[in-house]
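FYI, the numbering used here numbers position 177 of the sequence shown as 179, with every residue one higher than the one before it.
Check the hints yourself; a few may be wrong.
As the list claims (entries may be wrong) - For each label pair, taking beta carbons as the anchor points, the in silico distance ranges come out as:
id, residue 1, residue 2, range
1, GLY164, ARG185, 30 to 36 Å
2, ALA240, GLN410, 24 to 30 Å
3, ALA104, GLU168, 16 to 22 Å
4, ALA137, HIS221, 48 to 54 Å
5, LEU425, GLU204, 31 to 37 Å
6, ALA395, ARG140, 16 to 22 Å
Quick caveat, the hints were computed from the structure, so don't treat them as lab data.
We put the CB at the ideal spot given by N, CA and C, even for glycine.
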Amino acid sequence: MPDDTFTLRVESDITKLSATDWNSCANPASDEPPTTPRTSLPLNGDSASDTPPRHTEPPATFGEEPAYNPFVSHEYLSALEESGSASRTTGWLPQHLVLADAEGVPLGICPAYLKSHSRGEYVFDEGWADAFERAGGRYYPKLQVSVPFTPATGPRLLVRAGAPAEDVRQALARGLLTLAQMRGASSVHATFLREEDAQSLETEGFLPRTDQQFHWHNHGYGDYEAFLGDLASRKRKAIRRERREALGDGITLHWLTGSDITEEAWDAFFAFYMETGSRKWGRPYLNRQFYSLIGARMAERILLVMAKRAGRWIAGAINFIGSDALYGRHWGAIEQHPFLHFEVCYHQAIEFAIARGLKRAEAGAQGEHKLARGYLPVTTRSAHYIADPDFRAAVAHYLDRERRYVAQAGAELSELGPFRRDLDPAQLDEP
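Input sequences plus hints: build the corresponding full structure.
Here it is, written out as structure tokens:
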């Protein structure tokens with residue numbers, strides 16, 4: 003792509019770009035979401051038999067929807083900015099990089115933020131910041147390529163359909179280095195990357211980094227019992243017991259999507275989020291307005307799993323629905339009940355993914371406790387550009403050792419999964 007055929011610019015307000023232009027790069031092939039199954043279901047997680055059931059065909063929607071990632075959509079990112087959750091005030095100054103053709107049509111976009119801290123990223127570099135500043139450097143500001151507060155792999159170098167994808171990604175990668183220099187940033191950090199974006203960034207000198215999450219994979223299960231049939235008998239029994247106990251005390255579970263998600267439901271969920279988030283993190287990242295905005299703009303892409311007892315909501319988890327994955331984000335509760343967290347966040351995500359015909363359920367950052375519930379380790383990628391050559395060499399040495407550790411830990415954890423030993427390991431890989 004000759005340099006005179008395109009221009010690069012920076013937008014500090016996502017609303018300066020139309021949703022059509024943004025989404026034509028973020029989710030270029032997606033259509034309107036198909037109808038989501040909605041139901042209110044008191045479940046008991048029980049089964050009369052411990053005999054592994056036969057697999058049945060997946061729903062007809064399996065893999066048929068065009069590629070769609072909810073987190074890079076204009077609807078999601080604009081809600082973060084307009085609500086003030088991701089803003090200059092909170093240390094997330096938008097610096098979105100836009101590559102446009104001679105007519106001003108965006109060919110590629112990179113969501114980026116100039117940051118004054120390292121919170122809300124889930125790829126941890128506070129130790130790097132401390133070491134660099136103790137050596138006399140200034141780590142902040144830094145440039146962050148990510149979806150704020152969202153540890154989910156997805157596109158970061160967004161390319162319009164029909165544009166020369168490799169050329170656009172390389173132009174955006176080079177543009178990030180120029181932008182970092184212009185803003186006096188010490189570094190550029192692109193997190194939760196797809197492989198093609200990681201490769202484009204590494205070509206421009208970014209250092210590769212890996213980490214680990216736990217995802218559940220749908221191998222054509224017709225229902226939850228078919229999934230349980232792939233588990234060792236002892237693990238099946240443990241899960242069934244856990245699910246029964248989670249729904250004691252008259253608790254019922256409810257799936258809310260689309261118009262079922264009312265402002266009253268958001269009020270309840272936000273109370274859960276603030277209660278649990280304040281105990282875990284000190285200061286939750288998202289505000290109440292954010293939830294109203296996403297509810298107005300993308301409710302069909304949202305699943306709230308809500309728990310009710312004695313006529314009131316007591317706990318819930320928010321999930322986002324992609325074309326092939328259910329993305330669990332956060333949960334909260336105002337009452338504590340044994341195993342309710344596991345039921346609402348993990349077992350219900352599996353139930354919904356099977357009902358919807360989704361290929362996987364992603365349960366967010368960290369958490370080896372997910373392993374026993376059928377979520378297996380998956381490697382995640384990030385890429386980091388460090389401007390200072392001496393510090394870059396030190397970070398590169400650290401990352402080389404860290405990547406080896408992550409690979410070894412992932413292999414060991416995979417052996418500890420709950421699946422039957424007579425299954426072919428290839429059957430447990432992501433479909």
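Status of the hints after comparison with the structure:
{"no.": "1", "hint": "GLY164 / ARG185: 30 to 36 Å", "result": "holds, 31 Å"}
{"no.": "2", "hint": "ALA240 / GLN410: 24 to 30 Å", "result": "holds, 27 Å"}
{"no.": "3", "hint": "ALA104 / GLU168: 16 to 22 Å", "result": "holds, 20 Å"}
{"no.": "4", "hint": "ALA137 / HIS221: 48 to 54 Å", "result": "holds, 50 Å"}
{"no.": "5", "hint": "LEU425 / GLU204: 31 to 37 Å", "result": "holds, 35 Å"}
{"no.": "6", "hint": "ALA395 / ARG140: 16 to 22 Å", "result": "holds, 18 Å"}
The earlier numbered hints are all upheld by this structure, with none contradicted.
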